[in-house]
Amino acid sequence: MREYAIVSEDLTKIFWDKDRKIVAVDHVSLKIKRGEFYGLLGPNGAGKTTYTKMLATLLIPDEGEAWIDGFSVLKDPLEVRRRIGWMMGETGGRALYWRLSGYDNLMFFATLQNVPKEIARRRIDTFLRFLELDDAANKLVMEYSTGMKIKLMLIRSLLHNPNILILDEPTLGLDVESARKVRVFLRRLVDELGKTILFTSHNMYEVEALCDRIAVINRGKIIFEGTPREIRERVEDIKIIEIQLVLPNGELSEVLKKLESLSVVKEVISHSKLGHITTIRVSVEDHHSAIPEIAMSLSSYKIESIFHALPTLEEAFLKIAGIELEDIDMYSSGKKRRAMRW
Amino acid sequence: MVNISGDDCIELLRVGERPLMKESFVARALTSWYYQLKILFSYKMHLALEMMDIILSALIYYFVSFLVSPQDLVALGYSPDYVAFSISGIALSRYIWTSVSRLARKMHHEISAGTFESLAAVDTDNFHSWLIGQVLYGFTWSSMWFIGTLIIGFALGAGFTSDPWIWIQAGIVVILVVIVHSAIGIMAAGMYIVHKQLETMLVLMSTVIEFFGGVIYPLSILLNYPILYYISLLMPFTHGLELFRRAIIDGTPIYSLGMLVHLSVLLLFLPLVYVGFKVFERYLNLAKKNALLSVY
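Protein chains in written order, with the working numbering: chain A, 271 to 612; chain B, 408 to 703.
None of these hints come from the bench; they were simulated from the model.
Values in this document were obtained by computation on a predicted structure and should not be read as measured data.
Think of the CB as a built atom: it goes at the ideal place given N, C-alpha and C, for glycine as much as any other residue.
Certain hints may be false.
For each label pair, taking beta carbons as the anchor points, the in silico distance ranges come out as [claimed, not checked]:
| id | chain 1 | residue 1 | chain 2 | residue 2 | range |
| --- | --- | --- | --- | --- | --- |
| 1 | B | PRO678 | A | GLU402 | 50 to 60 Å |
| 2 | A | GLU521 | B | ALA698 | 52 to 62 Å |
| 3 | B | SER412 | A | TYR475 | 19 to 29 Å |
All chains, full assembly: derive it from the sequences and hints.
Right, here's the structure in full:
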């Protein structure tokens, strides 16, 4: 048990909607090692937040047990809370006092977490400056943007320097530069200070870049656990061909039409352009027969490469979680794409 | 401003690995009190309206006093000064009522604003220090109300005692009443987390205090209705108010024989504070079981 920062055994939470039983978390057993960056993925309503709230002692499980740093969430909730930093996501900053300044919010929570004033002051000043909130420190939180509130909530979870962080979508709502900064910093907390981070996110790029291991949860059950690479390898039946080619302007739609008309191509999944290279990803039945046929049909274009690719984490996740892109366009980069039929 | 890099933050937390932090219950309670007051003072209009409420309430009972005959009050065992009688009742009942209700209202506000979950995530003493901070805050603000009402009473000619020693004794009574009623406030806050019926609960509580406490009429009137009279004796407020009134109007010391009975009964209610915390914890756990921490 000592090598694990977070352990849950058969953790279960049931809600009732009148007479309808909803098993939000269904016998979830996970072991997260100390110093591990662990991602918990799942569509909305899958049970991620309920699971993390049970770990943070904000919900009492109906069955099962969990231990944080060796302390039971049922028997020693006070010890558990001393050891974790918890940040709730998707709240639009509701978890802060809007009529206090950012600085006062942090000082208030630091004191509740028993951080001596001098240490709290130093940490607050440093983190505010690091996340470029120092100019707004004395403004009321009601004047903050969503991104600023999220930064403040992140700082709050770090003030007592916990060894275990439970972060629910910590970069949602941040601008690109701030999100990158936060990602790098969180990774360093794990690599250099040995902290353990349990992290939920809908951003597959982020998950792949940060997490040592991930679990996919759907309808309250863990349906996959492993490294990001393992999840991609797991979905063997997704056969992806990636084509990189140089296209004259205005030719893309013609190329997509050609690809869609091929019987070997099941679906055009995505296309993107970087510099002068256009990359198109298609799903196929059998990549051995598909590659020559695709190459033939595009022979009038300058093909840089065409190869059998592993599915992206996003594609693998969607496959494993059994979701169609149309239903959850938030998983794509904000651009709605056609449904993937697997 | 010098830029801060991730290195500085990492180093700061590395240094912080030394054994942290002697926990201080008092620091946590005072912090909760201080920031709550800060939030209150950000509501300027609310403050102004409450001030107006103090003045108008005192004036209402000043004018009502013209309808009450001094002889009736004397016959019921009080001094003939109805202004002093009603102002002292109003001051103390509002004091207690505002303080008790403020905690339940605060809970409503924390839950609907979404901050209660954040507090629950950092709570290291089953909310005891936070609750004490909130109680202190409630009574700090209500004290302004209380003192304001008494001053207006003085200005309207209420015949309060001028003996400072009696006022010190009255102060002790107020503190006892405050402690006992904070337990009720804490229980009410706990009940709110689960039952969410804020307004119903508050109306019930204020009615009970005003009706059974003898705020605007002498309790001896209830002797004609023995059941109501005996119920009123079960209320800590009844005894607190009787002690307070007899002290500041008649100048009766709280250690005199008739007063000691009320004082003893009031002291008997002190263990309610422990019960209040336990009830709150029970409701908090119930809320965590039923996912009610952020439901309002």
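Consistency of the hints with the structure:
no. : hint                            : verdict
1   : PRO678/B x GLU402/A: 50 to 60 Å : 53 Å, holds
2   : GLU521/A x ALA698/B: 52 to 62 Å : 54 Å, holds
3   : SER412/B x TYR475/A: 19 to 29 Å : 24 Å, holds
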